[in-house]
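**Student:** The primary structure of each chain is shown beneath.
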Amino acid sequence: MRIASFGIFILLVFGCGLTALAQDDPIDMVESEIVLPAPASKVIALNHKYDIGEILDVSWESSTSDPELVFGYIIYRSEGDNKFDSVGAVLSKINSFSDEELIPGKSYNYQIGTIGASGVALSEPSEPAIPDWELFNLEMWNIALIGFIICGAVIAYIFSAKAGRKLFIRKIGGLEALEEAVGRATEMGRPILFIPGIQDMDDVQTLAAITILGKVARVVADYDSKIMMPVSRSLVMTSARETIKEAYLSAGRPDAYSDDMAYYVTDEQFGYVAAVNGLMVREKPATCLYLGAFFAESLILSETGNSIGAIQIAGTARPGQLPFFVAACDYTLIGEELFAASAYLSGDPKQLGSLKGQDLGKVVAMVAIVLGTLAATLASAWDIEIMQKFLDNVMLGIFSNH
Amino acid sequence: MSGIGVYISLFLIFGGLVTILVYSIKGRDVDRRIIFAFVFFATATAIYYNIEFKETPTTIVKNVFDRLESLPEGSKVLISFDFDPAMKPEVFPMANAFVRHSLVKKHKLYLMSLWPQGQALMTETIEDVIKVEFPEVVYGEDYVMLGYKAGNEGVLNVIITNFRKMYPSDAHNTNIDSIPLFDDVKSAADMDIIFPIGGGKPGPKEWILFVGDPGQVPMAPGLAAVVAPLIYPYYPRQVIGLLGGVKGAAEYESVLRSKYPRFQDVPAPALSMMGPQTLAHIVILSFIVIGNITFFMKRKKANA
Amino acid sequence: MRKSTMIVTLVVVLLFIASWIFKTMTAPEVDSTFDALTQGFLVTFAAFLTLAIMSFLYQDNPFYKFAEHLYVGVSAAYAMTLGFWSTLVGNLFPRVSETLCGWFQVEFSGQHDWQFLIPPILGILLLMRLSPKGGWISRWALAFIVGTTAGLNLPRFLRSDFIEQISGTFLPLLVDWEGFGHFFSNLSLSASGQFVAILSNFVIVSGVICGLIYFFFSKEHKGAFGSASRYGIWILMITFGASFGYTVMGRISLLVGRLTFLMDDWLGIISG
Amino acid sequence: MKRTVPLLITGIVGTVLIVSVLIPPAQSLGEDFSLFFDIIAVFAFFLGGGNLFRIHLKKVFHRKEDYGFSIVTLVGFLVTLTIGLFKIGNPEGISGSITAAGSGLQTIFVSIITPLSSTMYALLAFYVASASYRAFRAKNREATILLVSAFVILLGRTPLGMMLTGWIPEQFSIFQIPNLAVWIMNSANLAGQRSILIGVGLGVVAMSLRLILGMDRTYLGSDK
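Protein chains in written order, with numbering that gives the first Met the number 0: chain A, 0 to 401; chain B, 0 to 303; chain C, 0 to 271; chain D, 0 to 223.
Just so you know, these hints were derived from the structure itself, not from any lab.
Treat each hint with caution, since some may be false.
[To be verified] Computed Cβ-Cβ distance ranges for the label pairs, DEER-style: (1) A:G396 x B:V131: 45 to 55 Å; (2) B:V131 x A:K105: 42 to 52 Å; (3) C:D263 x D:P168: 40 to 50 Å; (4) C:V7 x D:V74: 17 to 27 Å; (5) C:F183 x B:A36: 50 to 60 Å; (6) A:T237 x C:I123: 25 to 35 Å.
The beta carbon of each residue, even a glycine, is placed where N, CA and C say it ideally should be.
Can you make the complete structure from the sequences, with help from the hints?
**Tutor:** Right, dumping it as structure tokens:
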């Protein structure tokens with residue numbers, strides 16, 4: 000209510016100001032004193048779609064008077080008893096209004112007042128309209144559909160992997176480099192440094208890193224080389240120890256395992272980095288592996304690794320840190336490759352199935368982009384109408400809510 | 000006086016770079032502390048002499064300016080302070096530039112934050128910019144400080160449909176229903192433009208996902224340089240433009256100054272940061288070049 | 000304590016006091032001596048902390064450790080108090096208790112929303128993690144947090160980062176097309192020319208597709224598929240280069256901000 | 000009890016939030032759950048603070064190495080907490096904004112938090128410099144492309160780019176470094192980021208689905 004009166008006040012003040020300006024010309028003055036602006040016409044109130052029945056959308060055709068002399072519109076509402084109260088005001092360029100916070104199921108009609116210099120001209124009242132609610136938001140059908148397809152594919156692949164079907168995953172380039180790097184450390188008789196990021200076990204990237212650690216530790220156990228793994232979370236330390244121990248067990252050398260291989264340093268980011276840096280400079284590992292979630296330390300670690308001449312392999316899904324790893328390390332697992340590597344190595348049906356489902360999503364994306372681009376090109380370069388229609392109604396209908 | 004100083008400093012910096020090059024080619028290791036000292040003095044020199052450059056805005060920044068410029072008086076502008084002091088030098092100038100531009104256009108300002116530290120910075124904006132430069136604006140009628148709420152994207156998910164549920168009161172514990180600015184605002188979808196300013200999580204990306212796209216509200220994020228490239232895919236449909244890092248802020252400040260002479264004398268921190276920024280970029284680029292020259296020379300030797 | 004450490008500490012303390020006195024004497028616009036003293040102390044302290052952190056560049060040292068430990072404590076408490084006042088006092092109390100509203104001087108909503116007792120209960124369950132035995136019950140709260148994040152993210156990432164990104168790539172490959180003749184006669188490498196616009200759209204469309212191919216794991220990257228994936232990785236490398244450039248730019252800005260504080264607010268040596 | 004209840008909670012909450020997007024009558028339930036989440040998030044801050052307090056108290060109690068610094072943490076924590084919770088020094092009293100100018104908390108923010116956190120990140124500028132000297136090498140084709148692109152962006156984002164290449168005629172203006180930088184951002188960078196975004200978006204969808212369906216339970220930890 001208050002905003003309505005405030006709006007009217009502003010519009011009227013504005014109007015008077017303009018009238019005063021117009022007073023240089025006596026004819027204008029006379030005109031504005033007696034002539035009201037033409038009222039707005041065709042006032043229509045419609046139920047607002049896909050809400051909980053609290054909104055009506057009011058629209059009208061603008062006044063036919065000189066736009067310079069129309070300062071705005073006031074929206075009046077009545078609850079069926081022909082007693083109209085103002086509920087809002089808009090500037091003259093606008094010809095629609097959403098009346099919110101109504102009572103569902105009740106009937107309302109509207110009247111539009113056109114504000115001119117000399118007063119307000121009322122339109123005919125609209126037909127009554129009832130705000131109503133809908134069960135489904137049909138505007139979201141495309142999201143529901145695509146979500147259904149992708150989620151369905153993920154679930155289906157997971158179940159089929161669980162049922163024992165072999166799902167093909169291509170060999171990941173970095174994994175070969177990984178084995179080579181471990182081998183080189185053995186040849187040189189120097190240790191391998193493994194950093195699983197600085198996040199806790201609740202980060203997917205840390206989980207992927209621990210999976211890969213299992214493989215690396217197995218090679219280390221086989222070749223009898225040395226692994227060092229300072230970590231920044233105590234939970235990560237626990238799981239890392241379990242993983243390394245298991246690798247040594249399955250290599251048949253449980254006696255060679257020691258708890259000192261993985262140890263906790265500190266939770267503090269820079270404190271941890273300082274400790275790892277010191278370790279690198281003292282022990283001079285031949286191979287450094289940085290796999291997991293990294294932040295600003297990515298660059299400090301890889302720089303130090305570079306200065307001691309180590310082979311460095313990194314992998315993270317954090318796009319902000321990837322550039323530093325790519326520029327400074329010998330090989331980098333980029334983004335999803337980290338997860339694919341972990342799925343590839345573990346053979347876990349959940350990870351494999353998920354990856355497959357995501358691949359299907361990528362196929363959908365690629366096909367859609369090709370079709371959409373073709374349609375857009377044909378439609379714009381040679382004005383082919385059917386292509387424009389295809390683009391607007393089919394492709395954008397499915398792939399856009401804008 | 001300062002002219003000579005500038006030349007001497009530049010001579011020292013570039014002389015130093017050449018020395019490092021010679022050293023590196025000879026195969027000697029340059030201690031990283033020397034590099035650190037180098038960066039420190041190069042940047043400090045440029046700050047000391049206060050070198051300023053002219054900026055021409057790029058389209059992506061100009062789009063933001065033009066949109067705010069073309070909105071009718073009294074439009075609703077929401078600015079979210081989603082950053083902490085660590086990001087402040089980059090993005091705080093953007094927040095202040097948006098505030099100045101909105102108030103000079105007589106728009107209504109809604110200030111909020113998804114980061115606990117953001118509210119304190121919002122207070123700085125209100126004390127140092129709004130109260131000083133725009134003494135005529137009235138709290139509650141022209142601008143409101145909603146303050147911080149915990150819950151990241153959860154906050155956004157509520158305000159996109161219902162502001163009052165998340166903010167029953169403003170930062171001063173005043174009931175929101177008694178604030179005139181909220182008379183015709185039900186949700187964030189009622190805003191005419193939203194400036195999410197930040198660079199972490201939650202930040203501009205969450206605003207696009209949880210408010211911009213579902214509510215179809217024009218978004219113009221102000222971004223810390225680190226995340227700016229990540230937001231480009233949302234341009235031009237999901238965001239109308241963006242300001243990336245101190246350069247983006249400097250461009251905005253320069254258009255604001257040229258359009259509104261009254262801002263000629265207010266501080267433009269981003270513009271004055273571009274001098275040191277340029278010098279530091281040159282130093283870093285030189286380091287990359289020196290490093291690679293050494294690298295290739297070594298490799299050649301090894302191959303020969 | 001070693002002798003050198005003692006000397007360094009002594010020098011730092013003396014400098015600190017000198018700065019304090021100096022900043023107190025030059026403090027602008029103050030009402031009382033006490034205000035001047037506080038202002039002088041605060042600016043000096045902020046400068047001390049800045050330099051203490053920077054000293055880490057030389058090597059790890061007690062000043063850095065002091066600053067780091069102070070930071071950890073203060074920032075944790077800061078987030079707690081702000082969360083308490085803004086969300087608990089602001090959003091929870093007005094919905095559940097008139098008494099609490101009275102204590103904290105915030106307006107009561109007028110009705111008790113009993114369902115809002117659930118989150119504080121879950122919150123207290125979460126705090127059970129601090130006790131060694133009741134840890135498992137905190138999983139209930141954790142489950143709520145995980146469920147909310149998953150439920151909020153799924154439809155929104157699907158919409159903004161998948162669906163909208165796909166339609167955002169529906170670009171005409173021939174921009175402003177008026178036939179080949181027109182194209183060749185106006186061929187130029189101007190940044191605003193037709194050729195560059197066409198090239199942009201071409202790079203975007205092919206880049207997105209080949210980038211996706213690079214991240215495609217169900218097929219061996221051989222033949223044409225392999226070439227596409229290689230092109231994809233080049234596009235990704237350009238992207239990383241851009242990120243790299245922007246990151247460097249951002250880090251430098253922060254340094255400039257800090258040095259400006261030291262030189263302007265503390266030392267006051269920038270003439271302008 | 001220990002596993003089933005959490006799995007049920009995750010499943011129900013996640014499903015309700017997804018459904019609330021599609022079904023308008025469920026919208027207010029979705030809002031409520033988001034609010035619940037926000038309130039629990041505050042308790043997560045308390046949990047973090049409590050943990051910190053416990054760890055450092057233990058260090059002091061057992062006189063571990065460097066326990067003196069733990070005292071610094073504890074004092075900083077308790078002082079800030081007291082000032083914040085009781086709004087000490089707030090010019091507007093208990094009902095004022097928590098960060099009102101001149102309040103104790105705002106002072107702590109300006110004089111302690113600001114210098115500490117921003118200097119922490121400013122340190123990275125130094126490391127970037129040293130890394131660019133010692134580690135960023137064009138050692139293979141990929142790294143070379145990356146460095147060239149970074150070079151153009153770094154130059155293009157400063158006035159220097161224009162000074163160096165401003166002489167290039169309009170016919171070839173795409174080779175002016177600032178134009179080239181903008182072009183890279185708007186085309187190749189956009190394409191690369193978009194393909195990453197689509198991939199990650201799919202990953203988030205799959206992960207959320209697994210969590211809601213209870214297929215992924217790692218967040219619950221082991222049964223011990």
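**Student:** Checked against the structure, which of the hints given earlier come out wrong?
**Tutor:** none
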